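Q: Letter by letter, the chains look like this.
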Amino acid sequence: MSGHVRLAALGLVIFALALSTGTSVLAQGPSPQTGGTLVYGIRQEPSTTDPHGSAAAVAQRVLASMYDSLVFMTPRGQILPWLAESWEVTPDAKIYTFKLRRDVKFHDGTRFNAAAVKFNLDRILDPATRSTSAISALGPYARTEVVDEFTARVVFKESYAPFLYAASTAFLGIVSPAAARRWGVDFVKHPTGSGPFKFESMVPADNITMVRNAEYRWPPKGFFKNTGPAYLDKVIVKTIPEASTRVATLQNGETNAIEPVPEKDVASLAHSKGYRVLKAPYPGGPRMVFLNTKKFPTDDLAVRRAILYAFNADQMVRTLLFSVHTAAKTPLTPGSVGYDKSLEGMYSYDPEKAKSLLTEAGWTPGADGIRTKGGRRLVMEQHIIANVGQEGPSEFLQGQLRDVGIQADIKSLARGAWYEGINRGDHNLVPLFYIYGDPDLMRGLYHSARIPFNWSHVSDPTLDRDLEEAYRSADINKRIPIYRRVQRRVMELALLLPLYNEFNLVGIRAEVRGMLFDPTAYPLFYDVWIEKK
Amino acid sequence: MHISIRESATRNPSNVPAIRPGRDALRRLLRNTGATIGALLLLALVAVALLAPVLAHRDPVKINPPDGLKPPGKEFWFGTDQFGRDVYSRVIWGARLSLRVGVIAVLISVGGGVPLGLAAGYYGGWLDMAIMRLIDLMLAFPGILLALVIVTILGPGLSNVMLAVGIYGIPSYARVVRGSVLVVRGQPFVEAAQAVGCPTVRVVARHLLPNVVAPIIVLSSLNVAGAILTSAALSFLGLGAQPPTPEWGALLNAGRDWVRDAWWLTTFPGLAIMLTVLAINMLGDGLRDVLDPQLRD
Amino acid sequence: MAQYLRQRITASLPVIVGVSMLVFLMLHLVPGDPVMLLLGEHSAVDKTALERLRATLGLNDPLPVQYGRFVWRALHGDLGRSIRLNLPVTELVIQALKPTASLALAAMALAMAGGLLLGVVAAVHRGRLLDNLAMFFGLIGVSMPSFWLGFLLIFLFSVRLGWFPAIGQGGWNRLVLPALALSLAPLAVLARLVRSSMLEVYRQPYVTTARAKGLTERVVVYHHALRNALVPVVTLVGLEFGRLLAGAFVIETVFSRVGLGRLAITGILNKDFPVVQGVALLVAVIYAGINLLVDLSYAYLDPRVRYA
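Protein chains in written order, with the working numbering: chain A, 3 to 535; chain B, 1339 to 1635; chain C, 179 to 486.
Here chain A stands alone, though its shape is the one from the complex (with noise of 0.2 angstroms):
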């Protein structure tokens, strides 16, 4: 593989992650012990057992189990050989040719070959897949070649850098070509990969239930402790959409594991005995606020800049978070690549700055207290998805932009009809956040191309210009200055409100051993042990 490309690889996720707590490869202590089921509760159900047909995230905890992928990423951004032994890539990052380990076999006893390499890529395009995310994932993928029976190459039509980063992600895990054409559209039924678990059955709304692989020798080279297969008996994923019944069941013994654990609930489960929590930063954006820049009266510089300036991230992490996670100052976070520390301070909370930028961009205040201009109200819609927890910080927003003499009213809405809205336009405040490995992200963020995506709806030109260089450049070197740039334009412009950094929040019986997390901060089932007293 040639020097800058491998660096590339390497250095294009690179996380200088602290993992706070939760086990290291490293770690002292007992011996695993073989045995005992794993009843791991979540907040949202796995959409799909297809890995190529998912697009919700959380199915990934799933995913990860069944199925393996050609490669893997550490969460310090490390490449690591997995189902592929070794690659090549070419110099224009369009041709990967990938050796392949020869020893694996699909949980139907079939063998994983080169073959089974293309007819996976190429499902992926298949329409009958009803494929989204994964599409996306495959970028400007041409074809796949069968060069020899463990040797797959595959070509794209043009260059593409984030590849061995999108192989690695469980979007496009490896299935069994031969459960795949037998099952055809009831393959959600019997899902088959080569994973350390197997799928043993699945009530939908209520959990999923995989058993281990006995066949199971091959995870990726060099991350995990066990190499055979996996300790645990049984994996069964919960799904308990209530926050206080999934404490409970934590503390009941129903579940063994949870995630996430409420904010609230944070301390005082890891100061119980018998419990722990374990935290894992998302990488990527942080939780954030759009900015719309085309609707009155967001479209106001001034009044963007007010906006963050009046928002105490402190003060919100503090009481609402209760310190579990971070404030966020800039457009990605710290542990992401290209994460810009001088950016800090840009904006630091000020509510009688934002009072004067407000004064002077003539925005008077009215016997409401709220300020007028022309005639026209200081009032702005949040458009939040009802029920998934963003109520709290939309209204600690709130209260604190009426401070400043700033209406802005929330629309608690059903996922469907807030999607459209924020579609269409009609947000002038709407968070959201990505969980992405490459600041690339902010090119579907900010480019102008990509409005409605682009939720600040912006269009300037320098940014385009910056990103799309960014884009082409297979250097890690070159891209990174490029993105301190393009973040501090959209702070310039003040395109977002970043809140707060999040870290996955898992809480754990104290007797479950070795979990890891992957770079998505998704928890890794494989070396996760419990320990019998």
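Accuracy of the hints is not assured; some may be wrong.
[What the hints assert, rightly or not] With a Cα cut of at most 25 angstroms, we get these calculated SDA-like pairs of lysine to any residue:
#1 C:Lys276 <-> A:Asp188
#2 B:Lys1400 <-> A:Val390
#3 A:Lys236 <-> C:Asp256
#4 B:Lys1400 <-> A:Asp370
#5 A:Lys266 <-> B:Pro1398
#6 C:Lys225 <-> A:Ala369
#7 C:Lys225 <-> A:Leu434
#8 A:Lys191 <-> C:Thr386
#9 A:Lys413 <-> B:Pro1410
#10 C:Lys225 <-> A:Ala451
#11 B:Lys1400 <-> A:Gly141
#12 A:Lys413 <-> B:Leu1501
#13 A:Lys266 <-> B:Leu1501
#14 A:Lys191 <-> C:Asp256
#15 A:Lys236 <-> C:Gln273
[Stated by the list, open to error] Which bits of chain A does chain C cover? Going by a derived footprint, with three or more residues having C-beta under 8 angstroms, they are:
#16 124-136
#17 177-191
#18 205-218
#19 245-253
#20 412-419
Because the hints were derived from the structure by calculation, they are not lab data.
Model, not experiment: these values are computed from the prediction.
Using N, Cα and C, we set each Cβ at its ideal position, and we do this for glycine too.
Add chains B and C to chain A, keeping to what the hints say.
A: Chains B and C only, in chain A's frame:
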């Protein structure tokens, strides 16, 4: 309640003259303890709603994070929520909103259901069939889902909740009213009155009122409460009153993750709802006891 | 009797069809695109992939065509596949039916037992303290929001005491807490109805006759009065049971139970047409069945009622 055999043998419900709710009824009402308590309680609640600006000494909407999640005490009588807002003030202000939701929703139900039931019962024939089929349709549709669909279509917020809950309640009234109309129409004296040349409408109306008022009152009393609770259920899905509106259902929902750790967030709005429901029901029971001629001694 | 049954069944068909049409229309009025909703708001969107998916699902066809397709398939027992889960709707609905029915039955059983008890006690002791207490107790149940009650029950009986599991379905011990939470509202309504119904009946001549015959009060109450008082009660029980079928989603969510309510709500919020229509159809059919049973029970309870 024992009636002599002779009385029961000779007593014919249709002989009972129509009631004109007046001083007689009022006096009877006052004698009924349950109704009196209910009425007083309700008056108190209405007073609280009207006097909210005076009774609630803190801003129900302004956030004050440093004071967050304080338990009930001398400073904050009902404690504070996550944003430091005074729960007491919010509950007081919420009285207006929740009472309004209940009343308007029921008015919509009555306004829609009673005419439908009257038309169906009085005119009979294909109109009756058509209306009854429509009613059956609406009843076959799970009610809360109907309300949900309406709110999802119209958008969130208290006004649409009132509309949705109001529409959801129409079928029950229509059925009840229709039933009463049918009972009255079937009485021999209606035919007799017709034979004499008395306008049927007047006869029916005169005897309809006492028969129909009681069930409507009973239904309404439960429905006002039901409206408030349905609004709470819609708030459970986040589609009810929008923040920071302190409607009781929304308050309950806001506190739902805190039932164990900050019990005051749900307890006080919950108690407020309970008291309101209790008051309305007691009054309703009393009214029914008084106005229903068949229950008079 | 057979003719009556046939009549009833034919009469309920238009209602069922009507419900399904109504649901179909209303669902299309709900804002949102089911395909977009599949994605989740975070994913990069490939417009062509979306369009293709929409076309495959037939979502671009005119409404009458879509509805016609649904009816045609339904008549062949095929309720389509959930847009979101890509699983057959029939399976989803059947899987949700059993726990929902168990819960509804358990809740109604509790409500009936409690309601009958309270209502009879109140009627027999009308005007006195016991009457007021019984009604008061019932009212408490009706005015408590179900999720509040649910959380309290979980916290007390599941976490603190450990007597019952908090979540899931299957087995009577998972039914206790949610059924309890669900039963209080219908219990209150039933209690009041039983009370007023019995008071009605008490004034009837045949009760006086029974007393005159020298029968004990107990026989009078239970054998004569109650039986006839049950007619409106049975109507209400039928109504409430029907409501519980698809309306228990709050309890289902709090106790993490699979149920028709949750299935329907998720379907509505995600514009998953096939699922919502499947649930609505099933519920309408069950409703018609319940109404029929209720009407038939009248014949048993009230000798004056006869179906030729």
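Q: A separate judgement is required for each hint: does it hold in the structure or not?
A: Evaluated hints:
1. The hinted pair formed by C:Lys276 and A:Asp188 meets the criterion: a straight-line CA distance of about 23 angstroms does not exceed 25 angstroms.
2. Taken as a hint, the B:Lys1400 and A:Val390 pair is honoured in the structure, with Cα atoms around 23 angstroms apart against an allowance of 25 angstroms.
3. For the suggested pair A:Lys236 and C:Asp256, the alpha carbons sit about 34 angstroms apart, so the restraint of at most 25 angstroms is broken.
4. Restraint check: the Cα-Cα separation between B:Lys1400 and A:Asp370 comes to about 13 angstroms, which is no more than 25 angstroms; the hinted pair holds.
5. For the given pair, A:Lys266 sits about 23 angstroms from B:Pro1398 by alpha-carbon distance, which is consistent with the 25 angstroms threshold.
6. A hinted pair counts as satisfied when its Cα atoms are at most 25 angstroms apart, and C:Lys225 with A:Ala369 does not qualify at roughly 48 angstroms.
7. With a CA separation close to 20 angstroms, the supplied pair C:Lys225 and A:Leu434 stays within the 25 angstroms bound.
8. Taking the CA atoms of A:Lys191 and C:Thr386, the gap is near 66 angstroms; set against the 25 angstroms cutoff, the hint is violated.
9. With a C-alpha separation of about 30 angstroms, the suggested pair A:Lys413 and B:Pro1410 falls outside the 25 angstroms cut-off, and the hint is violated.
10. For the given pair, C:Lys225 sits about 13 angstroms from A:Ala451 by alpha-carbon distance, which is consistent with the 25 angstroms threshold.
11. Taken as a hint, the B:Lys1400 and A:Gly141 pair is broken in the structure, with Cα atoms around 48 angstroms apart against an allowance of 25 angstroms.
12. The suggested pairing of A:Lys413 with B:Leu1501 holds, with an alpha-carbon distance near 18 angstroms, which does not exceed 25 angstroms.
13. Between A:Lys266 and B:Leu1501 the alpha-carbon distance is near 36 angstroms, which puts this suggested pair outside the 25 angstroms criterion.
14. Proposed proximity of A:Lys191 and C:Asp256 is supported: the alpha carbons are some 17 angstroms apart, at most 25 angstroms.
15. Among the hinted pairs, A:Lys236 with C:Gln273 is consistent with the structure: their alpha-carbon atoms are about 23 angstroms apart, no more than 25 angstroms.
16. Check result for the stretch 124-136 of chain A against chain C: holds, 6 residues qualifying (beta carbon to beta carbon below 8 angstroms, three or more required).
17. Closer than 8 angstroms: that is the beta-carbon criterion, and the stretch 177-191 of chain A has 3 residues meeting it against chain C, so the requirement of 3 holds.
18. Coverage of the stretch 205-218 of chain A by chain C holds. Counting CB-CB distances below 8 angstroms, 4 residues qualify, and the rule asks for three or more.
19. Look at the stretch 245-253 of chain A against chain C: 5 of its residues bring a Cβ nearer than 8 angstroms to a Cβ of that chain, three or more, so the hint holds.
20. A count of 4 residues in the stretch 412-419 of chain A with a Cβ less than 8 angstroms from any Cβ of chain C is obtained; the coverage claim is therefore met, three being the minimum.
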